[in-house]
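Asker: Position in the sequence shown (first residue = 1) + 12 = the numbering used here.
Hints were generated in silico from the structure; no laboratory data involved. Built from N, CA and C at the ideal position, the CB exists for glycine as well. Careful: at least some of the hints might be erroneous.
Stated by the list, open to error - Result set (SDA-like, lysine to any residue): computed pairs, CA atoms no more than 20 angstroms apart in a straight line:
#1 Lys-87 / Ala-77
#2 Lys-87 / Asp-68
#3 Lys-87 / Arg-69
To be verified - Distance windows between CB atoms, simulated:
#4 Leu-46 / Ala-92: 51 to 59 angstroms
#5 Glu-84 / Gly-43: 56 to 64 angstroms
#6 Gly-90 / Asp-68: 19 to 27 angstroms
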Amino acid sequence: MTEGSRLILYLLFGIVGFVILLVLLSLGPLGWFLAAFLIIAAIAYSGRGDDDARPDRTNCAACGAPNPPDSETCKHCGSAI
13 MTEGSRLILY
23 LLFGIVGFVI
33 LLVLLSLGPL
43 GWFLAAFLII
53 AAIAYSGRGD
63 DDARPDRTNC
73 AACGAPNPPD
83 SETCKHCGSA
93 I
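Generate coordinates for the entire structure from the input sequences, incorporating the hints supplied.
Answerer: This is the structure:
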């Protein structure tokens with residue numbers, strides 16, 4: 013999927029989601045509860061990323077700086093990893 017098509021997809025879902033949110037908010041307290049629940053669920057779902065998306069790294073034991081996995085010394089403090 014290209015960046016342009018992904019942007020259009022997010023825009024379409026955003027508009028539909030906004031309309032649904034407005035309808036729920038107009039329903040009163042039950043709609044407010046459902047809207048809050050859906051917003052929290054969407055935030056929790058969006059936080060679930062692919063673990064493969066992060067680059068591999070090794071943290072330094074002395075300072076905690078991230079380093080490439082094949083590095084022998086820390087690029088920040090120079091200590092052995």
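Asker: Are the hints correct? Go through all of them and say.
Answerer: Results for each hint:
no.	hint	in the structure
1	Lys-87 / Ala-77	8 angstroms, holds
2	Lys-87 / Asp-68	15 angstroms, holds
3	Lys-87 / Arg-69	12 angstroms, holds
4	Leu-46 / Ala-92: 51 to 59 angstroms	55 angstroms, holds
5	Glu-84 / Gly-43: 56 to 64 angstroms	59 angstroms, holds
6	Gly-90 / Asp-68: 19 to 27 angstroms	21 angstroms, holds
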